[in-house]
Amino acid sequence: MRDVAVIGVGMTKWGELWDKSLRNLFVESALLAIEDAGVEKIDSMVVGCMSSGLFTGQEHLASLLSDYLGRNPIPAARVESACSSGGLAFRQGFLEVASGMSDVVLVGGVEKMTDVTGCEATFALGTAADQEYEGYHGLTFPGLYAMMAVAHMDRYGTTRDQLSMVAAKNHDNGSKNPLAQYPFKVSVEAVNKSVLVADPLRILDCSPITDGAAAVILCPLEAARKAKKPAVRIAGSGHATDTIALASRADLAWLESTRLAADKALAMAGRKVEDMDLFEVHDCFTIAEIMVTEALGLVERGRGGRAVEDGLTALGGKFPVNPSGGLKAKGHPVGATGVAQVVEVVKQLRGEAGERQVKGAERGLTQNMGGTGGSALVHIFEAG
Amino acid sequence: MSGIVGYGASIPRNRIKVEEIAKVWGADAPSYKRGLMLEEKSVPSPDQDTITMSVEASRNALKRAGIDPAEIGAVYVGSESHPYAVKPSGTVLAEALGATPAVHTADLEFACKAGTEGMFIALNLVRSGAVKFGLAVGADTSQGAPGDALEYSAAAGAASFIFGREGLVAEALDTFSYTTDTPDFWRREYMHYPRHGGRFTGDPAYFRHVTGAARGIMDKAKMKPADFDYVIFHQPNGKFPLRVGEMLGFERRQIEPGWLVPKLGNTYSGSSPLGLTATLDIAKPGHMILLVSYGSGAGSDSFIFRVTERIEEVRDLAPKTRDLLDNNKVYLDYGVYVKFRRKIRKAE
Amino acid sequence: MPTPSRYWREIPQRYRLEGEKCKGCGRIAFPPRPVCPGCGGREFEAVKLAESGRLLTYTVIRVAPEGYEDQSPYAVGIAELDDGARLTAQVVDCDFADLKVGLRVRLEFRKIHEEGEAGVIHYGYKFVPA
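Residue numbers (this note's numbering), protein chains in the order written: chain A, 1 to 384; chain B, 1 to 348; chain C, 1 to 130.
Keep in mind the hints are simulated off the structure, nothing from the lab. These numbers come from a predicted model, not from an experiment. We put the CB at the ideal spot given by N, CA and C, even for glycine. There's no promise every hint is true.
Counterexamples of contact, computed for chain B against chain C with all Cβ distances above 10 Å [stated by the list, open to error]: (1) Ser81; (2) His104; (3) Pro146; (4) Gly147; (5) Glu166; (6) Asp333; (7) Lys343.
The calculated lysine-lysine pairs, modelled on DSS-like cross-linking and capped at a C-alpha distance of 30 Å, are [what the hints assert, rightly or not]: (8) C:Lys111 / B:Lys87; (9) B:Lys320 / B:Lys284; (10) B:Lys329 / B:Lys284; (11) C:Lys100 / B:Lys320; (12) C:Lys100 / B:Lys339; (13) C:Lys48 / B:Lys87; (14) B:Lys343 / C:Lys111; (15) B:Lys63 / C:Lys48; (16) C:Lys111 / B:Lys17; (17) B:Lys17 / B:Lys346; (18) B:Lys339 / B:Lys17; (19) B:Lys320 / C:Lys111; (20) A:Lys229 / A:Lys272; (21) A:Lys193 / C:Lys111; (22) A:Lys185 / A:Lys41; (23) C:Lys111 / B:Lys339; (24) B:Lys63 / C:Lys111; (25) C:Lys111 / B:Lys263; (26) B:Lys346 / C:Lys48; (27) B:Lys220 / B:Lys263; (28) A:Lys185 / A:Lys318; (29) B:Lys320 / C:Lys21; (30) B:Lys329 / C:Lys100; (31) B:Lys284 / B:Lys224; (32) C:Lys48 / B:Lys320.
Between the sequences and the hints, there should be enough to build the whole structure, so can you do that?
In structure tokens form, the structure reads like this:
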């Protein structure tokens, strides 16, 4: 397998984008990435999208998008693993270049979520859960994560304030991100007072419904040395699955698939997690970030709440988590999230992150997960 | 010898008081309470219906019967509030109990006596040897039109009986049915709420048929009121069963154990059947019980039971009717009540 | 709108809690599946799940998915049953303030959902405080 680099990144503004269709969003982000990379020829494309079918009635997505991008007849594939569709698409693109099958691969992620009502969007998101044994009983995603939060709080003493601190920190970072859906600060009290969605999770514990797209260009590392911008090498990739239903999980308050994916990625990179300078993780709900920091090994099991309270994961902390604003402030167009995490890490490693730049960042880690942890993708990046 | 092998009840825990309903319609609560001899009634939760209550009551009956449900050869659900107009309640019940597929199932309706109809049929199938065990449920989530007198009493509940020849808790000695065409209370297809003939529902309807069935069975069995330890009459309100008991020569103490309506309301097809489960909960071996149901339209089914020794062994294996009635109650206000009973017009 | 077949196929599980126990490692799978998630075994014996247990976790859903809005707010929980199997279901007949990890619950047959006014009615199990 040869070394692979990211040489171009692009992302649309994220938010409720009434004027933009799914096709528009994808093409906009792809053109930005292609421009950023300075490439002309693309050999293949992989798109991550959770459910263009349920959100917009459209399948056969990859062919549609290669058509709209003006890139027929290249091979184009769409992959899905719920909220980690973007991370999975990235891994598939990486494998295609690493194997020597393709030289220049476009990886995109896109989701158009506002063409349906809130209720229909909740249903579509719910299809990441076990339809017959979780969805059937009226469970929603906030409900599933709320149950994980209750188990975590009961066992480890994680507090309501600690959950709110995750949201406040991510909004603080997001306020520095011009592409974020909610580029403004939010206080801990505001989170604590916001309306309940599924006890104990409140609306400000939850990532929003968002339209958006992100794209990156991959090529072999040797070719990347000649690219416009400093190359960022993909040092490690890890992917693991776990039970679809939360009830089947061995431990309700632990994300084993993230632990396994991280182990594989770190082993491949020959690194330890402490070597990383920044982390873009899957804070679909505040409790998720707390549990991810534990699964990644940034803190001991059960201490994720204390970590955010102590500032460990703040922008200026020992382990900056979600400098982009995370899913909470940046938005969560489901299939695009995993790719946007890569966009952020690449910008950070190039020194292009402006006000939210992590000083001297040389290594970054992305963690993207699907459902309640049924899938997890971890990638590791190194400058140069 | 055939009779009841197991019995069980199911009553939802929600209640609404007469005062709460009267307040909304500007009615005089004390006079309704006096006139109907009723204080409060049961209300099903939105996730309870005739089918769910039938399953719970029947599971309780199975616990007391101690039989393999696969041996149940017939399952009948009698109700005037079957959840589907077309698709049986009985099949869901039979499937939930594990009686399928070798079972005969039917849904029955005859206003408030659909429960005892099923009992009549199940008992006779057992007597004839056509089935080893037959199960019959009377269950309803009856509706009363907003502001109508029936709104005070229309309640929800279920009683289930398993009939067989072995392991009897109460032997069925005799049955008698009295039927005429009398339109005292009816509901046309596609209408939401039933209608009734006001005072016509009294003498020509309830009293005529209940006394007709009671006298008919006592003549047939050559028994008199004093020969019975307990009697249960259909209970549309608190007054009618006491009055008919008096007319027939029964004493209040014979009626009381099965007289649930003041705190339960009228559970329609569950009404006299639940009176029977409550009575079986306290009856002793050798006791004689008379059951007389009533269904508008009109008819009454009567049964004579003699309690056996086995009742003492199984009585405690499932919840008692009075416990379900008196404990764990939640009182609703009228707004939540009409939301639960789907009387609020929602967006199309 | 789901066809009746999806609902009907799960009836033995929804109405009678029919699961399976792996002949190799003894793990109970609910619903039954062809391969044991514990040991990869392919041989099972049919079992019926225990009807009571205790809550491992719970929540109160206040923003309900389509079709469940009328029920909102409602509690949902995951319980470990007395036979070791785990089950997800709504928790009813319980004040939200009384919900806690470790609450003893038993199963009752209830209506789960209706496919609108004219569609099939879905039944199944829910937890009630024991």
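Tested hints:
In this structure serine 81 of chain B is separated from chain C by more than 10 Å, as the shortest Cβ-Cβ distance comes to about 13 Å. Every CB of chain C lies more than 10 Å from the CB of histidine 104 of chain B, the least distance being 19 Å, so the non-interface label holds. Distance to chain C confirms proline 146 of chain B as a non-interface residue, since its nearest Cβ pair spans about 19 Å, more than 10 Å. In this structure glycine 147 of chain B is separated from chain C by more than 10 Å, as the shortest Cβ-Cβ distance comes to about 23 Å.
Consistency note on glutamate 166 of chain B: stated as away from chain C, and its beta-carbon is indeed over 10 Å from all of that chain's, at 24 Å minimum. Every CB of chain C lies more than 10 Å from the CB of aspartate 333 of chain B, the least distance being 16 Å, so the non-interface label holds. Every C-beta of chain C lies more than 10 Å from that of lysine 343 of chain B, the closest at about 13 Å, which supports listing it as non-interface. A C-alpha spacing of about 16 Å is found between lysine 111 of chain C and lysine 87 of chain B, which places the hinted pair at or below 30 Å, so the restraint holds.
Pair hint lysine 320 of chain B plus lysine 284 of chain B holds up; C-alpha atoms about 15 Å apart against a cutoff of 30 Å. For the hint linking lysine 329 of chain B to lysine 284 of chain B, the alpha-carbon distance of about 28 Å falls within 30 Å, and the restraint holds. With a CA separation close to 28 Å, the supplied pair lysine 100 of chain C and lysine 320 of chain B stays within the 30 Å bound. With a CA separation close to 28 Å, the supplied pair lysine 100 of chain C and lysine 339 of chain B stays within the 30 Å bound.
In summary, the hint linking lysine 48 of chain C to lysine 87 of chain B is supported, as the alpha carbons are separated by about 27 Å, within the 30 Å threshold. Restraint check for lysine 343 of chain B and lysine 111 of chain C: satisfied, since their Cα atoms lie roughly 19 Å apart, inside the 30 Å limit. With a C-alpha separation of about 16 Å, the suggested pair lysine 63 of chain B and lysine 48 of chain C falls inside the 30 Å cut-off, and the hint holds. Restraint check for lysine 111 of chain C and lysine 17 of chain B: the C-alpha separation of about 25 Å stays at or below 30 Å, so the hint holds.
Straight-line distance between C-alpha atoms of lysine 17 of chain B and lysine 346 of chain B comes to about 25 Å, which keeps the hinted pair within the 30 Å bound. A hinted pair counts as satisfied when its Cα atoms are at most 30 Å apart, and lysine 339 of chain B with lysine 17 of chain B qualifies at roughly 16 Å. Note on lysine 320 of chain B and lysine 111 of chain C: the hinted pairing holds, with a Cα-Cα distance of about 23 Å set against a maximum of 30 Å. A hinted pair counts as satisfied when its Cα atoms are at most 30 Å apart, and lysine 229 of chain A with lysine 272 of chain A qualifies at roughly 27 Å.
At roughly 34 Å between alpha-carbon atoms, lysine 193 of chain A and lysine 111 of chain C are farther apart than 30 Å, so this suggested pair is violated. Proposed proximity of lysine 185 of chain A and lysine 41 of chain A is contradicted: the alpha carbons are some 41 Å apart, above 30 Å. Proposed proximity of lysine 111 of chain C and lysine 339 of chain B is supported: the alpha carbons are some 16 Å apart, at most 30 Å. Only pairs whose Cα atoms come within 30 Å are accepted, and lysine 63 of chain B paired with lysine 111 of chain C is accepted, the gap being roughly 22 Å.
Proposed proximity of lysine 111 of chain C and lysine 263 of chain B is supported: the alpha carbons are some 25 Å apart, at most 30 Å. A C-alpha spacing of about 40 Å is found between lysine 346 of chain B and lysine 48 of chain C, which places the hinted pair above 30 Å, so the restraint is violated. For the suggested pair lysine 220 of chain B and lysine 263 of chain B, the alpha carbons sit about 34 Å apart, so the restraint of at most 30 Å is broken. Distance check on the hinted pair: lysine 185 of chain A and lysine 318 of chain A sit about 22 Å apart at the alpha-carbon level, within 30 Å; holds.
The straight-line distance between the Cα atoms of lysine 320 of chain B and lysine 21 of chain C is roughly 34 Å, outside the 30 Å bound, and the hint therefore fails. For the hint linking lysine 329 of chain B to lysine 100 of chain C, the alpha-carbon distance of about 21 Å falls within 30 Å, and the restraint holds. As the CA atoms of lysine 284 of chain B and lysine 224 of chain B are separated by approximately 20 Å, the hinted pair is consistent with the 30 Å bound. Using a Cα cut-off of 30 Å, the hinted pair lysine 48 of chain C and lysine 320 of chain B holds, with the two alpha carbons roughly 26 Å apart.
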